[in-house]
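S.K.: Knowing the structure of chain B, use the given hints to seat chain H on it.
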Amino acid sequence: MGVMGLIYLYNGHIKICTEDVAQTPATSVARFCQISYPIWQHCRQQKDFCDSLAGSGAEFTTTDRLPAHVCTCCWRWSLYGGFNMAKILKKNKVSTKGTKKTLNKNTGTEKTPEKSSSAKRRERKRKTVGKLKGTLKTTKKSPIEKLDLDNVDEDELLNEGEEIIPSEDEGGSDDDRKHQKLLEAISALGGKKKRRLAERSEATIQISEFSVDAKGEGEKINLSDLIQTIAKTPAVSAQTKSHLKKLKLEEKTVDSPLTKPETERIQRNVAFQKSSEEVSRWQSIVKQNLKAEQLVFPLNQEAPGPKPLEQVVCGWKARTPLEQEIFRLLSVNKQPINDPVLTPIEEESLKAMSLEDAKIRRAELQKARALQSYYEAKARRERSIKSKKYHKVQNKAKRKEFVKKFDEMLKSDPVSALEELQKLELGRMKERMSLKHQNSGKWAKSKAIMAKYDDGARKAMQQQLEVNKDLTQKLATTLSDEEGEDDGETSEPDMLPDFVNEVEPGQDPANPWMRGQLSKDPVDLTEPSVPETAAAVLISEDEEEGPEETEEEGLLRGFAERRKQRQEQEAENEAAKNQDMEVMTEENKAGAEKAVASHDAADADIADDDEEEEEELSKFTNLFQELKDSRMEAEASAMVAEVSEPECAQLQQAMFRIKSLEDMDLLDQEEQADPAEPNAEAPQPAPLESKGADKKRKRKRGIDLAEVLTKEATVINVPLAPTAVEGAEGAAHGQEEQRDVIKEAFAGDDVISDFLKDKRREEEAGRPKVVDLTLPGWGEWGGQGLQPSKKKRRRFRLKTAPPPPRKDGGLASVIISEKRDSSVSMHQVGALPHPFLLPEQFEVTMRAPVGATWNTRQAVKKITMPKIVTKVGAIIQPMSRDDLLKHSRKQEEEGTAGEPKKRKAPQRKRSQKRHKKTKN
Amino acid sequence: MNATKLERVLAKPFLASLDGHRDAVNCMAKHSTSLSTLLSGACDGEVNTHTITICFIIAYCIDFYEKEFTPFYYVCEDPSLHLLDIFGGKLSTFNPKVKVWNLTKHNCVRTIQAHEGFVRGMVVRFCGTSFYSIGDDKTIKQWNMEAPGYGVEEEPINTILGKTVFTGLDHHQKNGTFATCGQTVDIWDEQRSTPIRSFSWGVESFSSVRFNPVETELLASCASDRSIVLYDMRESMPLKKVIMTMRSNTLSWNPMEAFYFTCANEDYNLYTYDMRYLEKPVTVHMDHVSAVLDVDYSPTGREFVSASFDKSIRIFPKENRNSREVYHTKRMQHVVCVKWSADNKYVMSGSDEMNIRLWKANAAEKLGVLSHREKLAANYNQKLKEKFQYHPKVKRIARHRHLPKHIFTEAKEHTVMREARRRKESNVRKHSKPGAVPMLSEREKHVVAVVK
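If you read the sequences in order, they're chains B and H.
Number 658 in UniProt numbering belongs to position 658 of the first sequence; there are no gaps in the numbering.
Number 96 in UniProt numbering belongs to position 96 of the second sequence; there are no gaps in the numbering.
Same shape as in the complex, but just chain H:
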């Protein structure tokens, strides 16, 4: 009980807000080799001008307390440090003998005017030396990760002019290929200016495309005709698609379990699918009270975070129906994009009101150096919480979250609606021929068809 109470008392997930954009943040990208770097693209709402900013932000504190006993070369091998070296004249104070390093610099490192109109997508190349961005101006641009010298103009390494607007972008995990989506899903080779492969199935436009990080040749995309389509880069045809009752906005593959992906749907739910059995989702995650706009898996593959139009982000365990955590702040507007940091510690969310927010993945976790006893105590408390989680009083405390009024009321409303629907269905069932109205589980309800 005490452990649970303490957890609730100490749950302070919000770390920082990174401002600097002059319009809503539309997309973000994690750096593939540096933890401290985040890329974000925005859309400027102002008429005509369409100034777009892409920011490099050294995002959050890096604690080296774990490494205090390791020899020097080991620390140097750390990839994040490399990049810090690259970025930092600011890091001149770095001294390996210092045991505790607490660097908290939440500032914008670099701003690029990349596109005319929205920046629709961004992705860092797997090596971390350059990144791609796509925009409403039908171009794909490759940028160098290193900022140009003083007085030198920002220019992309490479620009590809496409025929249609691109809406989504993702890079292959290991090869120099990337995928875009728009009218079609295209696979590009970095060396060529035309796509090496172009998939289309029916007439639709796609909102997002993602490479499978594990089985790296597989892709999945969300189409505007409410379907999710699977592809194999090596095949000339798409593999399969599942049509749902409402449109999916984005999807995210589980980085540890190759066949699972989760899609963020317009019907306020998230669906985890096994790509081999698309007939019904493995789990339906429902807690949001408005359309879910983005989803990202934790690098451990155990949880994922979702961003919603209801101005909140939620963290779901991958096998649970309900979320374990909900984050919101008074000023945070519709959350458009969300990312889980590569060290499983932080969550970044970009929202409409031009801010990127930094959250802890575990709200009550203590950041910074933990002494041995502290660690033991934390583990013990965790275990206690786990053990007694089923007891009603403990459960009540552990489950309690403060919600903004609009979410609270809407959630209530939704439960009422759901109940009404259920009651009506049961009534219909009662008054119709036995077997005429089949009992459908929640998982079966949302899939319209699987097209082979």
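Isolated chain B, as found in the complex:
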């Protein structure tokens, strides 16, 4: 341990004064170092710590001797209510006996024992007082009290401290003076303790303290130093020890407490948050009231009229023994007490299912069953038909239907359509792998024998071969695509949708249709997300509906299973039969094939009819083609959209300026012109654009198609993003670039001539036209090749008076429209009023009549319903928390029911319910 110093309480901190005895014994300047905060905190929190330090006689392993004035000060501090320092000091002295002696010899200054003994006694007195004070933990006591405690254990102390005596009386009057000074300095720090200082000074007169060499001087005192001994003392509780250990571990100091204003601010903030949250609960009710079509104040008014009996009875209680008996009986039997209509069981059953629902459900089930049996019978009948032609027609019809369905599916549910497609693809693969249509079967061999003589047989074989060829060719091409195109097999462009596997830059790789059978990984699919989600929604809906219809479904499933079993049995029988007859004839062969096909569902889908297959194939190839085309179109349109997106905004802006049909014509022209000039439009004019350029751009909307097309549009490659002006390059350079960009942007169009044209057109439109009212053959001969006479013509050609000169006649660069009629505009609404977003909306509202002449009575009543109705003579109370509760409950109900309900008339609702109940 370092230098044991004095602990001093100053402004709420503990300070330890280490004394540099060895280096500056003469001055004994006190160095103050601050104990880290946690110690202080800890000492304060744990009063028992102080107690334990004092009471248990904790040992402190100091080798240093403590000077007398240190003791004094320690004593003083302990008096203030810290832990018992006197005790510590005492222990120190005991442990440092040996060194003291040697020191004394070295210094060689000894004083008479009598003198020292008196000093010692005083010293001891102080110590004991301190100790006692420490244990009692009194904060402050008068010196008189201290003196009362003097007698305690004096002898013991005397014996103990015998050897200290010679060490203490070292030093002369000089040291005393200095010590006095020091004490004064210290006490000055503490303030207001002057009186007691004087008291103490006489005690230290003869005690010198500067004969100590300071080992480990300059070290700070640590908590660990102080509490080391605690571990050894059994009297200290385990809890305290663990606390101290914890303290040891955490090195950092605790932050100083916040200032009062800061804490207050935090408190205020917290409180404000809380109350604003509370207030926010009203938000929904406020919103609802604002939106309500009609509010009747006072809000929570009870509807007039007779109340339901239950409510009236509700407050009544059974008092007489008879009544109580009756009520007990009722409650035991779960009979309704308040609501005399329904028992809880009845209510439950009602809740479970109403009669009508049940009826509907039963009817549905019946219908399902009937349909089931009907279809089963039909299927059986069909299967028993042996006509080949019939089946052919059937298959054809089926296929057609399938194709139709597939088309629909393409639009509605592309995912499942893709699955279907893949199924087909798989069927084709299987077909290729099998030896079907290879002319290698028994039937084919027999045919081969017959082929020489039988034309029909030859034809049949050829047909089969063709089918085979078609299939293999087709599949080979797809295969070659899959494997790579180095096979060199030429593929028919019609048959092969070659775009399937190509990664075209323009095409969307995400589209499942474009990729065909390659993959249907939905993760990659970005584009068809909408139909997918739609499908997902459908599925989820199905899932939701699932539990409701379990019974039905179960029934249906049972039927289906039974039917399947039956089918299988039949098919097996048939197969067996066919196998027997297989050798015999074509028909039988076909039948057998069919039977086999019936075993394999996928095969059945593909079927065996060649033309139909071809048809199907061509259908699908067409489909692919269509898809491709549509894809391309879509892309093109997307591109156009991309290009014309800023255009659209401009057009919308331009809409405000439309004032006549001619303007509309102009607009049309623009629309035509637009695709021709994306190049010129693409680069956005850069930010530093001048005003003139801006004007130009605005004007440019009136571009004439012919005009634009006559000029040769210079094709410019411009980066998509507007070129930014680099600051480092200098402003001049930037401006030049800017100008270039602008020039580029408007390279294709001649703005001025456009404007002039526009103006001319306006003028033309404004000029009065000659009205020709001549009727050929009226008043003279008419017919082919005859013209009305000049006289007539002159007479009936009406020239209207020339209009007043145009306002913009003298202004070269302005077009002033003269279409505005001031006499009408006086009565027109100047700007679109607030709640309306579109002029059309406003016009519609204005057009809709309100009065009874044009509407039915009910409609008028509804239209003219005032928004707020107050009742005369009724006090409207402010909204209360009950309203909020009601509102939230209602909202919850709505949330569960999933349908909005009306705010008004809870009474009526209740009565309706009752009505229903009684009906049931």
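A couple of the hints might just be wrong.
Which residues of chain H face chain B? A partial, calculated answer using Cβ under 7 angstroms [as the list claims (entries may be wrong)]:
| hint | residue |
| --- | --- |
| 1 | 215 |
| 2 | 239 |
| 3 | 243 |
| 4 | 255 |
| 5 | 342 |
| 6 | 390 |
Treat the hints as calculated values from the structure; they're not laboratory data.
Just so it is clear, CB atoms sit at the ideal spot from N, CA and C, and this is done for glycine as well.
M.R.: Quick look at chain H alone, frame taken from chain B:
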């Protein structure tokens, strides 16, 4: 057009003037359960004597035409009738079988000498059986609503002597607690003579304090240091305050929308705040040409009425910037206090020239019994007015109000001043660095700071 014209023709808002005070009316209080009762406190300008009168006034006609078909017990349950019963030997003629009741008694029922000096505030207890008053004599007094018998002296039920002068008073909506303001904002329990809570934040004096009628534990007060302070009765600290460019005189909470309140400011404007977002007001209502002294919400929470030093009262829709109505009379002086009746039909204003005036809330509304056809016609006309309100000619008629000369000229002057200010600002903006003079909306201009 016709409907609008008719409305203007029939707009006769002034109903009655209630006199009886011998000095300017300083405060008023609505009765919490009776529509026909109004309390008003005045200040007597005469030197030394300081006689103060508090009047009970049966204020205006009560029409029972709405209830003509309802059974008898229903009518009896009506709270206003109860009180009429209490007050009235005069009501002995009451007969439930009479279908139309037209009682117009504008007379003072009771006069109490309550305080020495101004009566600063008055409030009726939520149950309506007693009321509180505060005055310049540093006392809070509780009075019985029922007048004492003949020959018995008027004495308060309870008197609390405070340390400082109280300037504002409000009662809790449901509990027996009330709040006063002066040097601090104090929350009192009715049973105790010392405040149960006392809020202060900085050194200021408060001019008014109001309980939130919906979220009943919240309060707001206007302080003389131009701030509006929010409190929660349950907390030991105030919640937040907003400092404005000028002082607010009073404020009023919206009784239907818990988080909105409107304050009447010295800068001729009213500001509606959302208490959660004090950074800028929701709406600035500007039409007055002098300091606004009082504001009160209609019980439906859709409109409020404001009283101004410019001798007029105005009615604002809560979301509009401009007023929809202005009331004034030749003899009405500075209006100090204003109240909107609890049935949303009438407005009461108390002014400096010792009178309380009774106005219709809707100027053109017909009072009294309306036949079914009349009702339908009124609704239809209302709808028509709404529909065609945007048309310039209709708008011109609907907006036209006759104003006293001083208001008219001052309003003109203010527009000129505003324009000048705007122009100057734009000029400054033009000649300073871009962004140095920010564009501030009208709403942002008046808030100096929000102190958390």
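S.K.: Next, verify each hint and record whether it holds.
M.R.: A quick look at each hint next to the structure:
Given the 7 angstroms rule on beta carbons, the hint for residue 215 of chain H holds: about 5 angstroms separates it from the nearest Cβ of chain B. Satisfaction of the interface hint for residue 239 of chain H is found here, the shortest Cβ-Cβ separation to chain B being roughly 4 angstroms, below the 7 angstroms cut-off. For residue 243 of chain H, the interface hint is violated, the least distance from its beta-carbon to any beta-carbon of chain B being 15 angstroms, above 7 angstroms. Proximity of residue 255 of chain H to chain B holds as hinted, the smallest CB-CB distance being about 4 angstroms (cut-off 7 angstroms).
Taking 7 angstroms as the C-beta cut-off, the interface hint given for residue 342 of chain H holds, the closest approach to chain B being about 4 angstroms. Checking residue 390 of chain H against chain B by beta carbon gives a least distance of about 4 angstroms; that is within 7 angstroms, so the hint holds.
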